[in-house]
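In order, the protein sequences belong to chains S and Y. Residue numbering for the first sequence follows the working numbering, starting at 4 and increasing by one per position. Residue numbering for the second sequence follows the working numbering, starting at 18 and increasing by one per position.
Derived by calculation from the structure, the hints in this document are not laboratory data. Given the structure is predicted, the values throughout are model-derived calculations rather than measurements. Heads up, none of these hints are tricks.
Derived coverage of chain Y by chain S (criterion: at least 3 residues anywhere in the stretch with Cβ under 8 Å from a Cβ of chain S; other residues may be distant):
(1) 89–100
(2) 179–190
(3) 201–215
Some chain S residues flagged as far from chain Y (calculated, every beta-carbon gap over 10 Å):
(4) 33
(5) 52
(6) 70
(7) 75
(8) 80
(9) 84
(10) 93
(11) 119
(12) 129
(13) 152
(14) 171
(15) 198
Reference excerpt, derived from the structure (chain S facing chain Y, CB under 10 Å, subset only):
(16) 116
(17) 222
(18) 234
From the three backbone atoms N, C-alpha and C, an ideal C-beta is built for every residue, glycine too.
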Amino acid sequence: MKRRPGRFAVLLTLCLAVTLTFLTLPIVAIFLDSSPAELIDSLGEEGALDALWLSLKTTAISITIILLVGTPAAYLLATRSFRGKAFVVTLVELPLVLPPAVAGIALLSAVGPSGILGGTVEAAGVELTFETAGVVVALTFVASPFYVRQAMAAFASVDGVMLDASRTLGASEARGFLRVMIPVALPGLVAGTALALGRALGEFGATLMFAGSFQGITQTVPLAIYDRFSTEFDAALALSAVLVAVSAAILLSVKLVHGSEVLGGAPR
Amino acid sequence: MRWALALAAAALLLGAGCGDDDDDGGDAGSGSGDTTRLVVSAASSMTEALEACAPEFEDAEDADVRLSFAGSDELAAQIRQGARVDVYAAANTSLPEELYGEDLLSEPVEFATNEFVLAVPADSEIESVEDVAQPGIKVVVGSESVPIGSYTRESLAKLPPGQEQAILGNVVSNEPDVKGIVGKLTQGAGDAGFVYVTDVNATGGDLKAIDLPDDLEPDVTYGAGVPTEAREPELGHEFLAGLTLGPCATALEEAGFGPSP
Numbered sequence: 004m005k006r007r008p009g010r011f012a013v014l015l016t017l018c019l020a021v022t023l024t025f026l027t028l029p030i031v032a033i034f035l036d037s038s039p040a041e042l043i044d045s046l047g048e049e050g051a052l053d054a055l056w057l058s059l060k061t062t063a064i065s066i067t068i069i070l071l072v073g074t075p076a077a078y079l080l081a082t083r084s085f086r087g088k089a090f091v092v093t094l095v096e097l098p099l100v101l102p103p104a105v106a107g108i109a110l111l112s113a114v115g116p117s118g119i120l121g122g123t124v125e126a127a128g129v130e131l132t133f134e135t136a137g138v139v140v141a142l143t144f145v146a147s148p149f150y151v152r153q154a155m156a157a158f159a160s161v162d163g164v165m166l167d168a169s170r171t172l173g174a175s176e177a178r179g180f181l182r183v184m185i186p187v188a189l190p191g192l193v194a195g196t197a198l199a200l201g202r203a204l205g206e207f208g209a210t211l212m213f214a215g216s217f218q219g220i221t222q223t224v225p226l227a228i229y230d231r232f233s234t235e236f237d238a239a240l241a242l243s244a245v246l247v248a249v250s251a252a253i254l255l256s257v258k259l260v261h262g263s264e265v266l267g268g269a270p271r
Numbered sequence: 018m019r020w021a022l023a024l025a026a027a028a029l030l031l032g033a034g035c036g037d038d039d040d041d042g043g044d045a046g047s048g049s050g051d052t053t054r055l056v057v058s059a060a061s062s063m064t065e066a067l068e069a070c071a072p073e074f075e076d077a078e079d080a081d082v083r084l085s086f087a088g089s090d091e092l093a094a095q096i097r098q099g100a101r102v103d104v105y106a107a108a109n110t111s112l113p114e115e116l117y118g119e120d121l122l123s124e125p126v127e128f129a130t131n132e133f134v135l136a137v138p139a140d141s142e143i144e145s146v147e148d149v150a151q152p153g154i155k156v157v158v159g160s161e162s163v164p165i166g167s168y169t170r171e172s173l174a175k176l177p178p179g180q181e182q183a184i185l186g187n188v189v190s191n192e193p194d195v196k197g198i199v200g201k202l203t204q205g206a207g208d209a210g211f212v213y214v215t216d217v218n219a220t221g222g223d224l225k226a227i228d229l230p231d232d233l234e235p236d237v238t239y240g241a242g243v244p245t246e247a248r249e250p251e252l253g254h255e256f257l258a259g260l261t262l263g264p265c266a267t268a269l270e271e272a273g274f275g276p277s278p
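All chains, full assembly: derive it from the sequences and hints.
This is the structure in structure tokens:
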């Protein structure tokens, strides 16, 4: 005899169906509206490959910076308690809730040519506005909180006993961090990386306002899509499809790596 | 399993139904209320002028005016994608003519002119187009798809080829609309840009306009029409008429626009 599903189960299913439809329909539409031939054509179009390459390059640089600096920072925030920690964490998370336009304005007023640190940046011989470096700054600014937040949660959930054990065995904290904390927290770190990657790849407003839009230098895929939207809708659509595919591929491969790590390092 | 599928299908229908309900609700709201809603899609360069005169139109017609500003090309693309707007006012005449040709817009009327100028920060030492061709000058222009961008290329094409190439080589950003160009200049990021004189006026002294020689100046005429799919076509035509005569015509003039040719 089959048990009838309860009302609550029905409600859950209903909500999932609505969520799924709402989230996937627009993405499915991108692919239904463009043929594979158009997709390939659009990649051959001047500027599209430049944009794709630039997006991948800037995202990779920005993610590398985020991982190198963000991981130890998140570890510190997760494992120490100090006065004003809640405030510090809030500050780190703040860019999460900033609209892209605000991020653009904020970057301009901080390190733009007439920003508060504009002179210092210029004196150091660094050019950000209208340069690829500016795109990296914009991506790093908007994407890093996604990673740091997730990494903090991952480190915080690691059982302190493990680290204590490694210390009892004579390992330094740095060694414990590298050999124990990072491997154990890895699934969380990978998830955070995936989020930050997605955010960086899709960044639009802050890049446009802070770095401008120029093919091969600052025009990332989202900017190239926007540039084509009005006059070449099909090309914009095709480029959007490419971005969706690339993002999905990155997300998927990150998840696969994460999966194999978990399988490989699972309880023995 | 079967019930789950059935539920998923039901949810789909429900979702679709809800969407429709929302639309209908919106229609009923604007239709049965006391005030009618007029959606105006206008080129970014008219932002200050139309924001200034819209309240007077609202009072006179007992309507609620929704102004939507963006690049003219973008607004045209929205209309092509089925956006329901009641007035389309562009920064050129070719986009309205195109939409008219596609049966998406009423026959366009020309309602104002603007002046194409070289804009530089107020303290800049740049005095002419020749200065902009110097190496190292950062030039910010409109993307080719927006009217300001095509005016810019049209104008530069009239320069001696060497100078045209030098200026285009100095371009550091192709902005999606006029606001982007002005923003980069007021922030000191760019050294020079090509915009409309009204945009320079709107910065309240942060930028100064440098007149271009007459033969370089493209003819900048603004055209507008009422989209075929407008919800309020009559009121749309009222608004259109007001662009050449009435509070909006005055506001445009105050912002630095010229009268229709």
